[in-house]
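Trainee: Count along the sequence shown from 1, add 409, and you get the number used in the numbering used here.
For the record, the hints were derived by calculation from the structure and aren't laboratory data.
Only a predicted model underlies this, so the values are computations on that prediction, with no experimental measurement involved.
We put the beta carbon where it would ideally sit given N, CA and C, even for glycine.
Do not take every clue at face value.
As the list claims (entries may be wrong) - Mimicking DSS-like on lysine-lysine, the simulated pairs with C-alpha atoms at most 25 Å apart in a straight line are:
#1 617 to 505
#2 617 to 516
#3 465 to 435
#4 516 to 501
#5 617 to 508
#6 516 to 582
#7 445 to 480
#8 489 to 617
Claimed, not checked - Per label pair, the in silico range of CB-to-CB distance:
#9 509 to 630: 19 to 29 Å
#10 479 to 513: 47 to 57 Å
#11 606 to 451: 40 to 50 Å
#12 479 to 422: 29 to 39 Å
#13 480 to 614: 49 to 59 Å
#14 614 to 493: 19 to 29 Å
#15 574 to 637: 24 to 34 Å
#16 461 to 490: 33 to 43 Å
#17 638 to 419: 51 to 61 Å
#18 550 to 469: 42 to 52 Å
#19 489 to 516: 23 to 33 Å
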Amino acid sequence: IIDRYNEINSYKDRPRSGRPKISTQKYDRNLIRLVKKNRTEPSHVLANQWKLSNGKTASSSFVRRRLLANKLEWIFAVKKPRLSANHVKARKAFCKMVKSWPVSKWKQFIFSDEMNIEVDNRKNRICIRSGSIGIWCCMSYYGLGIHCIFEGRLNSTRYIQILNENLIESMEKLRQVEPFIFQQDNAPCHRAKIVTEWFTDKKIECLKWPANSPDLNCIENLWSWLDRELAKRRATIPRRIERNRTRNPGKSVKKGNRESR
Numbered sequence: 410i411i412d413r414y415n416e417i418n419s420y421k422d423r424p425r426s427g428r429p430k431i432s433t434q435k436y437d438r439n440l441i442r443l444v445k446k447n448r449t450e451p452s453h454v455l456a457n458q459w460k461l462s463n464g465k466t467a468s469s470s471f472v473r474r475r476l477l478a479n480k481l482e483w484i485f486a487v488k489k490p491r492l493s494a495n496h497v498k499a500r501k502a503f504c505k506m507v508k509s510w511p512v513s514k515w516k517q518f519i520f521s522d523e524m525n526i527e528v529d530n531r532k533n534r535i536c537i538r539s540g541s542i543g544i545w546c547c548m549s550y551y552g553l554g555i556h557c558i559f560e561g562r563l564n565s566t567r568y569i570q571i572l573n574e575n576l577i578e579s580m581e582k583l584r585q586v587e588p589f590i591f592q593q594d595n596a597p598c599h600r601a602k603i604v605t606e607w608f609t610d611k612k613i614e615c616l617k618w619p620a621n622s623p624d625l626n627c628i629e630n631l632w633s634w635l636d637r638e639l640a641k642r643r644a645t646i647p648r649r650i651e652r653n654r655t656r657n658p659g660k661s662v663k664k665g666n667r668e669s670r
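With the hints as constraints, model all of the structure from the sequences given.
Mentor: Structure follows, in C-alpha cells:
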C-alpha cells in the first residue's frame with residue numbers, strides 16, 4: 410500500500426481489466442435470434458447452438474443471464490385448445506345461439522367438469538403409486554354442487570357412479586328448479602353409449618357442447634381459483650384437500666365411492 414501510494418499518490422487499487430466478456434452485442438443479437446426461432450428451447454440447447462454459430466463455449470446459466478440482460482425470460486405459455494375450421498364454426502354457432510338467453514334461462518343449467526390436481530405448477534398430471542388424482546365438480550347459478558375426488562383414469566363406468574352419487578344430491582343442495590339442463594364436455598367417457606342411456610333413463614337433458622371449448626365453461630374460473638389456492642400450500646395432495654374440506658365444512662367431498670363430511 411505504501412509503495413502504491415508513493416507511486417501513484419493513492420492507496421486505491423488500480424483498475425483491472427478482468428476476464429474479457431465471452432459475449433458482445435453482436436453475439437447477444439445472435440442469441441436473441443436463436444431464441445426467437447424456437448421459444449421452447451431450453452437454455453442448454455441454446456448454449457450448444459450458440460457455440461456452433463459463434464465458436465464460443467458458454468454454460469446454460471450464462472445463456473440465461475444474457476437473455477435476462479436483454480430483457481428476455483422464460484414464462485409458461487398460455488394453453489390454448491387446437492381448433493379446426495369445424496371447431497371454430499361450431500363455437501360461433503353456439504355463441505350466437507346463447508348470447509340472447511335471459512338470466513332465467515341460465516338458471517336452468519348445471520355446469521360440470523373434471524380436472525387433475527397440479528402439484529408443482531409445471532404439469533397438469535402427476536405420477537404417484539396409486540395413479541393420478543382428479544376432481545369432479547358441478548355448479549349452477551345457485552352455487553357449487555358436490556366435489557368428488559377420484560383416483561386413476563375416468564372411464565364411463567366410473568363416470569356413471571359419480572353422477573349417481575353426486576349429481577342428484579347436488580340438485581338437492583342447489584335447490585335446482587326442474588327441469589334442468591346438464592352441461593358436460595365431449596370427453597370420450599361422457600359420450601359413451603351407457604352414459605347416454607343413463608341420461609335418457611334419468612330424463613336429464615344435456616346441452617350440446619362445442620368441441621375443444623373449455624373456455625366457454627364458467628366452471629373454469631373455479632379451477633383457476635383452485636390452482637392458485639393449492640399452489641400456496643406445500644403439503645401433499647390429500648392433506649391439501651383435507652385441509653380445504655375442514656376449513657369449508659359446508660362443502661362435501663367424496664373419495665372413490667366413500668363420502669367423508
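Trainee: Each hint needs a verdict: does it hold in this structure or not?
Mentor: Outcome of the hint check:
1. Restraint check for residue 617 and residue 505: satisfied, since their Cα atoms lie roughly 14 Å apart, inside the 25 Å limit.
2. For the hint linking residue 617 to residue 516, the alpha-carbon distance of about 17 Å falls within 25 Å, and the restraint holds.
3. As the CA atoms of residue 465 and residue 435 are separated by approximately 13 Å, the hinted pair is consistent with the 25 Å bound.
4. Between residue 516 and residue 501 the CA atoms are separated by roughly 22 Å; this keeps the pair inside 25 Å, and the hint holds.
5. At roughly 15 Å between alpha-carbon atoms, residue 617 and residue 508 fall within 25 Å of each other, so this suggested pair holds.
6. For the suggested pair residue 516 and residue 582, the alpha carbons sit about 15 Å apart, so the restraint of at most 25 Å is met.
7. Straight-line distance between C-alpha atoms of residue 445 and residue 480 comes to about 13 Å, which keeps the hinted pair within the 25 Å bound.
8. Annotation: proposed proximity of residue 489 to residue 617 holds, straight-line Cα distance about 21 Å (limit 25 Å).
9. The hint said 19 to 29 Å for the Cβ distance between residue 509 and residue 630, and at roughly 23 Å that hint holds.
10. For the pair residue 479 and residue 513, the supplied restraint of 47 to 57 Å holds, since their beta-carbon distance comes to about 55 Å.
11. Checked against the hint of 40 to 50 Å, the pair residue 606 and residue 451 passes, with Cβ atoms roughly 48 Å apart.
12. Distance hint check: the CB atoms of residue 479 and residue 422 are about 31 Å apart, consistent with the given range 29 to 39 Å.
13. About 53 Å separates the C-beta atoms of residue 480 and residue 614, a value consistent with the hinted range of 49 to 59 Å.
14. One distance hint, 19 to 29 Å for the beta-carbon pair residue 614 and residue 493, holds here, with the actual separation near 27 Å.
15. In this structure the hint that residue 574 and residue 637 lie 24 to 34 Å apart at CB holds, the actual value being about 28 Å.
16. About 36 Å separates the C-beta atoms of residue 461 and residue 490, a value consistent with the hinted range of 33 to 43 Å.
17. The hint said 51 to 61 Å for the Cβ distance between residue 638 and residue 419, and at roughly 60 Å that hint holds.
18. The hinted range of 42 to 52 Å is satisfied by residue 550 and residue 469, whose Cβ atoms lie roughly 51 Å apart.
19. Between residue 489 and residue 516 the beta carbons are some 30 Å apart, a value that agrees with the proposed interval 23 to 33 Å.
Checked against the numbered hints given earlier, this structure breaks none of them.
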